[in-house]
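Undergrad: Chain by chain, the residues:
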Amino acid sequence: MLRYARLYACFVRFSFSRAMEFRMDFFFRIGMDALWYFVNLAFFWVLYRHTASLGGWGYDQVLVFVGGVFFVDALHMTIFSNNLWWLPITINKGDLDYYLVRPVSSLFFLSLRDFAANSFVNLFMALGVLAWTLAHFPEPLGALPVTLYIAMLFLGLFLYYVLHMLFLIPSFWMHTGGGLREIFYALEPYATRPHGVFRGWVRRILVSLLPFALIMSFPAQALLEDLALPVLAHMAGATAAAFLLMLWLWRRGLRAYVSASS
Amino acid sequence: MTPRLFWHVCGVEARKRMSYRVDFWLSSIGGFLAQLGVAYFIVLALFHGSGRPTIGGFTFQGMILYYAAVILLGRVVRGTEADQTIAQDIYEGGLTRYLLYPTSYTVFKYAQNVGTLVPALLQLFLLGAWFPLALGTPEGARITGASIAMGVGASVLASVLYFLLVWPIQAIAFWADNVWSLMLAHRILANLMGGLLVPLTLFPEWAQRALALLPFPLLFAFPVDALLGRLDLHQWLKGIALGLLWCTALIVIGRAVWRRGDRRYAGVGI
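Line order of the protein sequences matches chains C and F.
Mapped onto the numbering used here, the consecutive letters of the first sequence carry residue numbers 1 to 262.
Mapped onto the numbering used here, the consecutive letters of the second sequence carry residue numbers 1 to 270.
These are computed hints drawn from the structure, not numbers from a lab.
The beta carbon of each residue, even a glycine, is placed where N, CA and C say it ideally should be.
Fair warning: there could be bad hints in the mix.
Per label pair, the in silico range of CB-to-CB distance [what the hints assert, rightly or not]:
(1) F:GLN88 / C:MET20: 17 to 25 Å
(2) F:TRP206 / C:PHE124: 28 to 36 Å
(3) C:SER17 / F:GLY51: 37 to 45 Å
(4) C:LEU245 / F:ARG260: 33 to 41 Å
(5) F:VAL252 / C:GLU21: 47 to 55 Å
(6) C:SER106 / F:GLY94: 47 to 55 Å
Only pairs whose alpha carbons sit at most 30 Å apart, straight line, appear in this in silico DSS-like list of lysine-lysine [stated by the list, open to error]:
(7) F:LYS16 / F:LYS109
(8) F:LYS238 / C:LYS93
(9) F:LYS238 / F:LYS109
(10) F:LYS16 / C:LYS93
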């Protein structure tokens, strides 16, 4: 475990050195993420000009939810995003060989190697928005529920990573993973919109089979509707199940991998 | 570039785009349904929450039809924007081989861009044609032969305008090592200000007046409104004139950026 922690520290150090080499991109990315935050806030601001409630949540409640969305997204962009972008390309070009021969878990290496230093700066911006939305909530939220909310956002982050991987692992069997990746990106808004707006079987799917609603909406629901324990149990169960499925598929994928043009 | 060569380049690019068929159908049908699904539930919650029969001049069905059209037309307008081929050519030194071609590099890239629109056009016809039939013609929309012709004209203009907006951004690769973030920033901004995320009539009056001066509404909202018969001839002509003005300004800006960048280009790649 300590060896992996030391290795990860190396990844982080190299990532910062690399980011400093490409300074313009470093600042472009900070600007891009700030713009994404602005556009998301503007989106809900425009909608709430025409309604007092969206899927059962008022504007202040949605702001807390959006703060959580920014936090999870910034973490995902910092820790996983670059790595997962390259994963299908690495598989299809046969570059996986380099990772399979190393004396560490290939899943660890491929998921965490590229730490996005520029997004790490945005993490502070996202944390600022999250703190602001929590502090400006009209009712007192309490330290314990807020701590639990943050913890659940971390669980949501892990689920986000697992779901993303589940859409990329089929690249082992397909010639290109572009189509599934596009679908994942198209499904992401189901996580970044309050799950209360979804109804019927779509809502049932979003909390079970494709648990996108659990990533960011469930933590906010636990905080805002005082449902911490049942929501936490649901999230933990779904995350564990999705993680086991991912591990199983990853192992099968590695067995199917035939190096170049797999 | 001769028209024959232009269409040949388009054809080659179109075939390339459709060579991964599973990918194509997965991203076209799956992506469209997923995007429309989110829009449907947001619109449903919006109308449910407000309790009003119309919002921003749209009925519920009208807004769904707007979203279906804007998602599909948005793909046609955007073309290869995500591919960053121009920036890549500059950064990797691939631009050098085009210098030997007896044709303009930018026109060549635009021809490739038009080629990538073919799959998006196919999606527009296959997935979009049955929508007005299923939803009927909602209040405020009137799809006629004239509106389709106006929509096609506005879409052609939007596609050229989008390419011209992206061209100087990609040319920044002459100075910066990676313009991916800039491209994404442009896309995020265009989605909001162009009416892809929310119909522009939902914005406050002052924002609508400010947006009307920018090129972004001409990318998505304008062609969709024209196609759905929400514009009269006068509004359409005004939009086309503004679009042509923006195209001219962007050509001047793009050429200036390109000329300055070209002087720095060493052709050595990474």
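Undergrad: Each hint should be assessed against the structure and marked as holding or not.
TA: Evaluated hints:
| no. | hint | result |
| --- | --- | --- |
| 1 | F:GLN88 / C:MET20: 17 to 25 Å | holds, 23 Å |
| 2 | F:TRP206 / C:PHE124: 28 to 36 Å | holds, 32 Å |
| 3 | C:SER17 / F:GLY51: 37 to 45 Å | violated, 57 Å |
| 4 | C:LEU245 / F:ARG260: 33 to 41 Å | violated, 53 Å |
| 5 | F:VAL252 / C:GLU21: 47 to 55 Å | violated, 34 Å |
| 6 | C:SER106 / F:GLY94: 47 to 55 Å | violated, 32 Å |
| 7 | F:LYS16 / F:LYS109 | holds, 15 Å |
| 8 | F:LYS238 / C:LYS93 | violated, 50 Å |
| 9 | F:LYS238 / F:LYS109 | holds, 29 Å |
| 10 | F:LYS16 / C:LYS93 | holds, 18 Å |
Hints 3, 4, 5, 6, 8 from the earlier list are contradicted by this structure; the remaining hints agree with it.
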